[in-house]
Every structure is written in structure tokens, then in C-alpha cells.
Amino acid sequence: MRAIYAFGLLILLAFIGTRFLVRKKSLSTLNYLFLSGFVYIFLGLYLGHHGLNILSLQVLAALDPLVSLGLGWIGFLFGFQLERRYLRRFSKNAVGLSVLKTFFVFLCVFGVMVLSIERLFPEQPSYLRFGMALAFALLATVNSPTLLNAAAFVLPSRGDYLYLARFLTSVSGFWGIVGLSLLFSFWHFPQFETHLILRGTLFLCVSTLVPALLGIVFHFLTKEKISEKEILVYVLGLVFFVSGAAFYFNLSPLYSSLIMGIVYSNFTKIQEKLYPLLLSTEKPIYIIFLILIGALWEFRWDWSLVLLVAAFLFARIIGSTLPLPFCRLLLRYPHPLPPIYGFSFLSFGGIGVAVAVSLKLAYPLALTDVFLSVALLAIIVSELLGPKALKIAILKLDSQKVT
Amino acid sequence: MIALVFIFLLMLLLKNPTLLPFTNPDQSTSVALGFILIFAFLFGKQLERLKLPQITGFILAGIICGPYILKFLDTEQVASLQLIDGLALSLIALTAGGEMRISRLKGRLKAILSLVVFQTVFIIGGFVVFGLVGLNIFSFLAANTWSQSLAIALLLGAIATATSPSTTIAIITETKSQGKYTDLILSVAVVKDFVVIVLFALFLSLSSLLFFPDQGFDVSFLYHILRDLGGSMLLGILVGGGIIFYLKYIQREMIIFILGIAFFTYQISYNYGFHPLLICLVGGFLVENFSPHGDRLIQAIEKSSLPVFVIFFAISGASLNLKALQTSWMLALICVFLRGLLKFAGTYAGARIAREEPGVRRSAWKGFISQAGVGLGLAVLVERAFPTWEGGFLSLVVAVIAINQIIGPILLQKLLIRVGEAGTKS
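Order-wise, the sequence lines are chains A and B. Mapped onto the working numbering, the consecutive letters of the first sequence carry residue numbers 63 to 465. Mapped onto the working numbering, the consecutive letters of the second sequence carry residue numbers 2 to 427.
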């Protein structure tokens, strides 16, 4: 009964949240916390077993499918936006820049986190430490376009920098999620102690092909003239099914749903019909998801955690800023890319939370608890700093009239 | 059909025992939920092509995939997915209340009351006669005397009187029906729920006295009935007022608001012993009749109701205990037949007294066969009151409901099509 109560409560809170998200269109830190929905993580933490215990562990277990739905929904929406006709509008240079940026951030964070985790958790097995460092590096590569989209309404700049930044943040999640799928596919200890490559490759193929096939099935199901209500049944069912199946096999639900979204959006011709439906359901599902994540968070506070957050953020900022001039040289990019431009990429957004949570749920270990805490704290700090950093970066570049 | 087979084969593959070492069984509920949502919906669509109701397809899909046949859903998963039942029941009741317009019902009040009274009297009376004539029939429930048989017959009769408003409204929504048969069937189903709840409470106390005469007659049940019904109606007025206020002054994100209201209502009613069905019914009724927003309420509910209905009916199918049907199918069949016969007789007599046209007298009974949640809930209460019956009563009721829930929607759909009310609502 508590589960039903909790679910009802979540829906009402989601409603209140939706109203906030719709109304606030300013770029102050507090407004952005509402706009991005991150305030609901705190709310979830308060409602969870560390706070009021309304969302007790028992209730959370009953609401487990909603977390799965949230992850699948984020992945599906992300994939759905990766439409060929949209991506074609960007130059090869821009795509190359997104790859290089991702690579440098990954490298930088991986190096720092391998050393940090080894120092702080020497008692943990090496494959776990290595896996955690990889997960941190992958998490660091993802960005959210939400802040940039909000900035487009608020900041005076309409120049190339903002446009490019919106593209880079839109696709960065793709590389992060693909990387995460590799980690999930090959990191199946103890089952994969033997034939690691073969089994990992097989799992990767399965987690790609099955959702792709389901995307095609979805396309055929919605090809005929059907009502919006029926589309909702199919999309909800398939997202539940794909993300649930991914969790069932300890694979990445984000990746599987992303593949389904990509296949579907590039096949079907009913985007116009599906977009409003996805948009109207996106916000409530997202907020319910964030509240549940807050409640699931095994929050603890010690110095090792603070050090890890600091190391992670430092490495990510370095990886996002310093290599930019070098990227320009490599790609012969037409505009200057000063390091300060990297401050546009601090925000993680919901995709960051989804990456962190999917790993924690697939591998319920003590070290993944640490990972989730560090990840959520780092994400929250980044979201707090993000609006200010973006303003500084874009306004300074505008004032230099380099666009 | 190809999609149905594909998703079915995929699920079969996922449940393959050779893959078990690579799976995380704790994370199997989401995949089961997704599967049942798509499979049941596609199955329902296939049945629709055969001119059968979609919800029969949802229920059959649940039975097939449930814990007794293919075991794609185990008992624990079914129990955990029943979280959605609360939402669905409240949504259905809101819709039912919203469909009842005073202006339409005014002229039919006599027919409604007459049908309720005659169905109730005929069914309970019929079951009592059946119990007393065939004294040995209930021997498996340790009924050794005529008074004990009478007690069981009264309880069975009260439960048999109920018609499922949720199934009725689902079929009406699915067939887009509107008209005098639709109004009559829905109204009678809803009003009978009140009557059944009151009578059941009375019979339960009486049965305790008949089985355990030393305990004496507990009159406190009257207070409980009044409190539960009165409280539910008051809460319903509050809910209705809240919805009217919201529709007038806020109007945003209706789907979320309605879902939130539905769950809160359900939860509050469980915490305080109120009836969620009654609360939402009154709420919907108020919005429809005392504000200009009734249509908007129905539209908002219908936008989000389909996935909820699919899961609700599929899970109700999966939770039907087929073992119970296996053990008591003979007696269950007799009860189903008897109930059908008494429904016909009660409807015929009631319609005749109310001077309804011959068509209503002869065929309206088909609209009252379906049986679901309320009957099951009451049977569970009986089991709690008489633990020495060791599940025998519950098994019998479950078996009867299983059969009625398959044939009831089909009969109602056929009736609405035959009388020309299906497809008349835009």
C-alpha cells in the first residue's frame, strides 16, 4: 500500500515540477536547478530511507520498473533525436570535433581516476577499480543540451559558438552511451572470466540487434493509421521491454533503448505524431525518475568522496578546455577554439544521471555505491556552476567578436 | 500478427533456462511488464478482428502468460504489478461517474431501481434455494447443517449479484457505445455495487453467527458500513470539487493531475477503509453534472487510460488461479449457469415491472454477467472470516469469476452491437 501511496505522491510532485519547468526561463543557478529537474534528486533523498522513509526500500523495490522506464525513456528519446536529416546539417568538422573532445575528456579523466581509485581503494580487486575508472571516464564525456537550449532564449549571443556547442552537447551523450555499452557487454565477472572477447562481442551484438529489430517492429506496428493512444501503448511497452531485457542480462538499458530510438526515428514517417506524445510524457517521467534516484542514493559523506569528486571534476574541466586549440589544429577548424570555450560543456544533464544510475543498478556493489555518490555530487556541482560558466564563456567569446 | 509472434518468441528466448546464468532474476519485472503490455494489446487486437472484445484478449493473454500456463509472469511479479490496479480502478470509476448524466438517467430511475432490486432478490433467493436443496453441495466447506449452508448460500448470492463496473465501462469505452441500454447497464452495475457491499457486510455478520453461535451478533458492522459509505461519498465530493476547481482555474497537465488523483484516492481509501470505486464515482458524477467540464475530464482520462487498461486486465487474467478452476470447475460451472439464469429472471421481472420494452426484458441480462474485482475482494474477506474453509470458498468464487470474466465482456459487446448502440459515440 505504501508503494501506491508513494507512486501517487511522485505523480503529484512531477506535476508541480512540470509547472516549474514550463514557467522558468531564466539562467540563474536556482532556476536552472528547477529547469534541469535536479532539485528533485534532493527531494527524493528527503523522501527516501535516509529521510522521511516514505520511499522505503520496500516501496522502491516495487517501483523498480519505473526506474527502468526512466532509463529506457531517456535512451529512446536521445536516439529518437539522432535523425539523419538533423545530423546532416552539421559539417564533418563538427562531428570530428565531438569525437576528439570526447576522446580527450575520456583520456584525461580515466588517467586521473585510475590513480585516485587505486590510492583510495587499494583493497578492491583490480578489475573493479579499472571498471570504475572507465565508468567515470565515460560519465565525464556526456553533456546535456538543456542548459544550452535555455541559454539560446536568454543570452544575447546567436553566434556559431552557441550553435556548435548545442550540437556538441547533443551528440556527446551518444559516444558516452556507446562506450557504456562496451563496458556493460564485456564486464560480466565472474561469468566472463573465460572467453571474455567472444562473450562480450556476442552480448554487444545482441544488445544492438534485438533493439534494432524491435525498432523495426515498432515501425511496422505504427505504419498503419493508428491513434495516439495506441502509439503510447507500443512506445511504453517497447521501452519497458527493451530496458527491462537489458537489465535482465546486465546490459546497458540506455544503449538498447537508444538503438531502438535511432532505428525508429530513421525509419518512420510519423515523427510529427510521435514528438508531441514524447514531449508531453517526457517531463513527468523524467521527474519521477530523478526523485526515485534521489531515494535510491546511499548518501554518505567522507573525505575520500570529496577527493574523488574534486579529482573527477578537475580532470573533466582540464579535458574539456585545454585540448580545444589542439583539436582545432588537427581538424583545421575554421574558427578559433580557445580553452575558455570548454566551460560551455560543464552541464551533465539527465543523461549523466542516467549513465551513473544504470551502472549502479547493474552492478550493486559497495564500490558502485561510491561511484553513484561521487557521480551525483559531481553532477550537482557541475549543474550549479554550469550556468555561470556558460555565461562567462559565451559572453567573453562574443565580446571578442570572434564569431 | 507477425509482431505478436516475434515478441512472443523473443520472450520465450529470454526465458530460456540455458541463459539463466547470465541473467539477473531480480530485474525481471520490467521486461515482464513491457512484454505483457505489448503482447496483451496485440492479442486483443487479433481478437477484435474476430469480432470479440479487446479486453477478453487482454485477459486471455494474461492467463496464457501467467503463472499457471507459460509462466512468463510468476506469482510474485503478478503481485508486484498489481500496483497498477489501484490506478486503473480509480480511473475506471472516474470515467463511470463522468458518463452518468442526471438528465439522461432521470427518466430511467424507475427501471434502474427495479432492475437492481429484482436482480438482487432473485439471485440471492436463488442461491439460498440452491444451497438448501442441495445440502451436500457445500460439505467441502464444513457446512453440516441447513443454517450453515444458508450462510454460505447468502455469501455466494451476495457476491454473485455484483456485476463488474470496470469491465462494463471498458467495453462501453472500447465499443464507443451510447444510448439507453448503455446507460441502463452501467447505472445498474454501479448502483448494485452499493447494494452488494451493504448486503455482504450484513450477510458476513449473519454467517459468523450461524457458524459460531457462541460469538453473538455483532451490530457494530452497521456503524462500519455507514462510516465507510458516508466517508467515501464525502471524499468523493471533495475529489469532485477538487477536479472542478482544477479544471476551472489551472487546466494544465491534466493527465498527470488525473493520475495523481486516482492514486491518492486509492491509497486514502485503503488507509481508512473507504471504497475507491465509490469515491471516484461520486467525484466523476459531480464533475459531469455540476460543472461544464465533464467532457474534458473524460478526454483527459481517455488519453492515458489505454496502457493502464491493458495492464489492468492482463494482470487480472494472470492472477486468476487456474488451479482453483481445475479443482472446482464442476461446481463453478453450475454456479455460473445458475447465476446467468437468475440474472435473466431478475432482469426480466425488473424490466417488466418498470414497463421497459420487450427487448430490454429479454436481452439486457447479457450486460450483467461480467464479474471481477469487487467479487474477488469480497471472497477474500470471507476467507479471512472463515480460515477453517482453507481456501475452498475463495477457489470456488475465483473459478466462477474466471468463467464469467471471459464470457461476460463478449456477451455485453454483442448486446451493444445488436441493439445498435456500439459506435454511436464520437
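Check before you lean on any hint, since a few could be wrong.
To be verified - Listed below are the simulated DSSO-like cross-link pairs for lysine-lysine, each with C-alpha atoms no more than 27 Å apart in a straight line: (1) A:Lys335 - A:Lys285; (2) A:Lys335 - B:Lys415; (3) B:Lys426 - A:Lys287; (4) B:Lys52 - A:Lys287; (5) B:Lys72 - A:Lys285; (6) A:Lys335 - B:Lys304.
In short, the hints are calculated from the structure, not lab data.
To see whether the hints hold, each was checked on the structure:
Under the criterion of a C-alpha separation no larger than 27 Å, the hint pairing Lys335 (chain A) with Lys285 (chain A) is consistent with the structure, at around 12 Å. Our distance criterion of 27 Å between C-alpha atoms is broken by Lys335 (chain A) and Lys415 (chain B), whose separation comes to about 33 Å. Only pairs whose Cα atoms come within 27 Å are accepted, and Lys426 (chain B) paired with Lys287 (chain A) is accepted, the gap being roughly 20 Å. With a C-alpha separation of about 20 Å, the suggested pairing of Lys52 (chain B) with Lys287 (chain A) holds against the 27 Å cut-off.
As the CA atoms of Lys72 (chain B) and Lys285 (chain A) are separated by approximately 32 Å, the hinted pair breaks the 27 Å bound. For a cut-off of 27 Å, the pair hint linking Lys335 (chain A) to Lys304 (chain B) stands: about 14 Å separates their Cα positions.
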